[in-house]
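Sequence order for the protein chains is A and B.
FYI, the numbering used here numbers position 92 of the first sequence as 92, with every residue one higher than the one before it.
FYI, the numbering used here numbers position 41 of the second sequence as 258, with every residue one higher than the one before it.
Bear in mind the hints are in silico, worked out from the structure with no lab data behind them.
The structure displayed is predicted, hence computed values, not measured ones.
Where hints are given, some of them may not hold.
[Said to hold, decoys possible] Quick list of in silico lysine to aspartate or glutamate cross-link-like pairs, DMTMM-like style, CA-CA up to 25 Å:
1) B:476 <-> A:157
2) B:476 <-> A:76
3) B:476 <-> A:22
4) B:621 <-> B:578
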Amino acid sequence: MRTVIAEDNPLLRDGITLLLGEHGIEVLAAVDNAGDLLAAVERHRPDVVVVDVRMPPTHTDEGIRAALTIRSAYPETAVLVFSQWVETSYARRLLADHASKVGYLLKDRIVSTDDFVGALHRVAEGGTALDPEVVRQLLAAPAVDAGLARLSVREKEILGLLAEGRSNLAIAAGLHLAERSVEKHVTAIFTKLDLPQARTDHRRVLAVLRFLNAERL
Amino acid sequence: MTDWFRAGLRAVLTAPFTARTWRGLGYLVSGVALGAPTFLLGVLGFVSAPLIIVTAGLPVLAAALALARQTSAYFRAPARFFLGWDWARPAPLPARGWRRLPAILADGTAWRALVYCFAGWLLRFLGAYAAVPMLVLGVLAVTFPVWWSFVPAGTFDTPHWSGTWRFVWQGALLLLALPWLVRLMVGADRLLIRGLLEPSRDSARIAELESSRAVLRDDAAATLRRVERDLHDGTQARLVALGVTLSRIERRATDPDVKSLAGDARGTVTEALAELRDIVRGLHPPALDDGLGVALSTLAARSAVPVEVSVLIDVRPGDATALYFTVAELLTNVARHAGASRARVEVRADAGWIRLTVTDDGRGGARLDGLGTGLAGLERRARALDGSLLVRSPPGGPTVVTMKLPREG
């Protein structure tokens, strides 16, 4: 896997570069601002971009804007955004236009290296990766969606894990369930949300989007 | 002759030659010329005042008042130059946008300034009208013996040169009286200015305190924001970098003891990061950087009760922080005590105020002095910001908490 990193803190930038190198992920460029990031993506066409939300010059949402630009201009490049804190509106902006190949994680998660590398692989393979904290906040939010309101506690829990980008197998392992029963729950979720029978992957993303949209601005 | 009598006599005799007299005279004369346009403004204002019944009078009056409000500095310049007087500018009008119209019509400062535009000029005109002829006649009369011989015989009723001395005495009396007239007029003008243009000492003091407190509040908000930045961009980044290094050690270590030690250390770093996040959230909610609307939506998303948020105005950073923490506390109350199924948060402008209302459809019965709700604390905080907090919560609900903060321009 080939990546470009955009992070303005040099300590962290070097740390991530070394870490990814040790996990056999090639870092093509490590830059410290959104402009250089876009230039690097244009030159290297990486599989995944790892980008910090807050970067110079304004230190607000440069990373999110750069991520959105990359997702629309380079469809083959996945984006994993890092934020210093949980901001559900960032996650919504990211997922509003591009339901796949995006991720939004707290910076803290880099410390849990396996989760971090796993999320990187997931988004590169076309999935999504949402921080558990983001998902927790979204789950705490009211379900105004009638379909969502019909979900049982267990189904909501599983939908939350779907939103994080987990596979059925991973969910089963996490909840100590058989993969078969997770599949049943997922099917029940699709039914309750009235999602048409089509390609399963697509329905997973749709379910997650319904879930995210339930939280209003 | 007693000492005070001698001193008084000297004062009377030297008064025409003091700088004070000439400065006063210069002030009166220049004031007539400089005050002519503002006098017209005053006339315009008072003519248009009764005309407001006809709609055309209203904008004219409002414009005249708005202009009159600005004349304080215009009058101050000559007063400072000639007499060394100084006074503070009036505080700016608190209202904004179209609300300026009703505000200016009800603004005492503007009306007083308009009265001064009118009355001040009349006073100075009167002063100059009396003082200038007094000066001219006085000087001519005192010097009459000198130029008597150049006047063709018969122009004045003074056939003999010795007769001219009578005029000298009269001229000298005029010139001796002139300084006192000037002082009287200038003194009267001073009283007018004090009453009509100068902000009263109390209101000047209040304005000063208000502005210094606003500065302090914004400073405090800016400091918290900087601390938040430092923690996020410095401390948090370092902790993450430390965690990354520990993770690499854990991965490379072949000794199982080292592996597990590194793993434990990494766990501690993760906990420290979670703690840091909570601390920062209490200091300065980073979401506030993206505006109050985003920040309140994030709060609402965290709430256990469905919350609808609408923020209809922009507010200053200091006020945004206050509103954010108030909403955070009120929503916690809603979730904990109200037993509500829905809540609404609204921030809107209300004349010169920011009005925050938090409504829920719960069981009501919330009281300012109720224990464990922190409403009393919120009320104290609102008052510290010159605002107010009102709780309307009949038994059975609904509960409406309204906070008002002054909206500064």
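Numbers of unmet hints, in rising order: Hints 1 and 2 contradicted; others consistent.
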